[in-house]
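This is what each chain is made of:
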Amino acid sequence: GEDVEQSLFLSVREGDSSVINCTYTDSSSTYLYWYKQEPGAGLQLLTYIFSNMDMKQDQRLTVLLNKKDKHLSLRIADTQTGDSAIYFCAEEDYGGSQGNLIFGKGTKLSVKP
Amino acid sequence: DAGVIQSPRHEVTEMGQEVTLRCKPISGHDYLFWYRQTMMRGLELLIYFNNNVPIDDSGMPEDRFSAKMPNASFSTLKIQPSEPRDSAVYFCASSPAGAGYNEQFFGPGTRLTVL
Chain A
1 GEDVEQSLFL SVREGDSSVI NCTYTDSSST YLYWYKQEPG AGLQLLTYIF
51 SNMDMKQDQR LTVLLNKKDK HLSLRIADTQ TGDSAIYFCA EEDYGGSQGN
101 LIFGKGTKLS VKP
Chain B
1001 DAGVIQSPRH EVTEMGQEVT LRCKPISGHD YLFWYRQTMM RGLELLIYFN
1051 NNVPIDDSGM PEDRFSAKMP NASFSTLKIQ PSEPRDSAVY FCASSPAGAG
1101 YNEQFFGPGT RLTVL
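Quick note, the sequences are listed as chains A and B, same order. Per the working numbering, the first sequence starts with residue 1, numbered consecutively. Per the working numbering, the second sequence starts with residue 1001, numbered consecutively.
Okay, chain A solo, but in the shape it has when bound:
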């Protein structure tokens, strides 16, 4: 079945770049997603990438997609303390019905001043 894997923790210094990596299994996903969860809150869509793209940039965020290796990454430039959160990678679930997403366990990003 589908599975999404990502490392659990990442610690960086303020001003550095953060790179969060993810591997997924379902090559039929049309879109791949990054969600952000701030402390005490629900998940919120941060960005997404269409599967026929290699890269998507949105201000400080850069998403890279390697379809051959089924590898997705999120780069945050000039990381700020406000970026401290849990970041979830997600793929679409076509093993079941449409509408569902398969989430990874989340990477907790800690930003040290």
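Please note that the accuracy of each hint is not assured.
Claimed, not checked - Derived DSSO-like pairs (lysine-lysine); straight-line CA-CA distance at most 30 Å:
| hint | chain 1 | residue 1 | chain 2 | residue 2 |
| --- | --- | --- | --- | --- |
| 1 | A | K112 | A | K36 |
| 2 | A | K105 | A | K67 |
| 3 | A | K36 | B | K1078 |
| 4 | A | K56 | A | K68 |
| 5 | A | K67 | B | K1068 |
| 6 | A | K56 | A | K108 |
| 7 | B | K1068 | A | K105 |
| 8 | B | K1024 | A | K56 |
| 9 | A | K105 | B | K1078 |
| 10 | A | K36 | B | K1068 |
| 11 | A | K36 | B | K1024 |
As the list claims (entries may be wrong) - To give an idea of the chain A side of the interface with chain B (calculated C-beta under 7 Å), a few residues:
| hint | residue |
| --- | --- |
| 12 | F9 |
| 13 | S11 |
| 14 | Y31 |
| 15 | P39 |
| 16 | G42 |
| 17 | L45 |
| 18 | L46 |
| 19 | F103 |
| 20 | K105 |
Claimed, not checked - Label-pair restraints from in silico Cβ distances:
| hint | chain 1 | residue 1 | chain 2 | residue 2 | range |
| --- | --- | --- | --- | --- | --- |
| 21 | B | R1022 | A | D54 | 26 to 32 Å |
| 22 | A | R13 | B | N1052 | 45 to 51 Å |
| 23 | A | D54 | B | E1083 | 31 to 37 Å |
Keep in mind the hints are simulated off the structure, nothing from the lab. Beta carbons are placed, not taken as given, at the ideal position from N, Cα and C, and that holds for glycine.
Please build the complex by placing chain B on the supplied structure of chain A, with the hints as guidance.
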């Protein structure tokens, strides 16, 4: 729109008691999801509905858990009887149907503590 609304935000109960969590999805959204989040197991999908019909409940842990969606604007997740291992944050999310990317909108969650 106020977003996905969940109640209560916090619930503390004793083992064996019945617990009912409530969710109001965003108006017009066709999909509704219930998730559970713990430190040990991360984010788990429990069940989801499409147009008020349960589509996949394979994530429901056991018969003590049940979920209903009597209409498009309301869903409940019930645990009876509750156990300490049910302690977690429970999220409800909704999503519109249709082509294009699939954004799920999450509620703020209900933090459940079973003593």
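Does the nearest C-beta of chain B fall within a distance shorter than 7 Å of the C-beta of F103(A)? holds, 5 Å
Check the hint pairing K1024(B) with K56(A) against an upper bound of 30 Å on the C-alpha distance. This hinted pair is violated, its Cα atoms lying about 33 Å apart.
K105(A) and K1078(B) were given as a pair; does the straight-line alpha-carbon distance stay at or below 30 Å? Judged against 30 Å, a Cα distance of about 24 Å means the pair holds.
Below or equal to 30 Å on CA atoms is what counts here, so check K56(A) against K68(A). holds, 17 Å
Need the status of pair K112(A), K36(A): alpha-carbon distance at most 30 Å? holds, 18 Å
For the pair we were handed, K36(A) and K1024(B), check the Cα-Cα distance against 30 Å. holds, 22 Å
Look at the Cβ atoms of D54(A) and E1083(B) and judge whether their distance stays inside 31 to 37 Å. With a Cβ separation near 47 Å, D54(A) and E1083(B) fall outside 31 to 37 Å, so the hint is violated.
Quick check on the hint: K105(A) CB to chain B CB, less than 7 Å? holds, 4 Å
Beta-carbon spacing of R13(A) to N1052(B) - inside the hinted bounds 45 to 51 Å or not: holds, 49 Å
Interface hint outcome for P39(A) [beta carbon to chain B under 7 Å]: violated, 11 Å
Interface hint for Y31(A), Cβ within 7 Å of any Cβ on chain B: Cβ of Y31(A) sits 4 Å from chain B, so the hint holds.
May I ask you to test the hint 26 to 32 Å on the CB atoms belonging to R1022(B) and D54(A)? Violated, since R1022(B) and D54(A) (Cβ atoms, about 43 Å apart) do not stay within the stated range.
In terms of the numbered hints stated before, the structure departs from hints 5, 8, 12, 13, 15, 18, 21 and 23, listed from lowest to highest.
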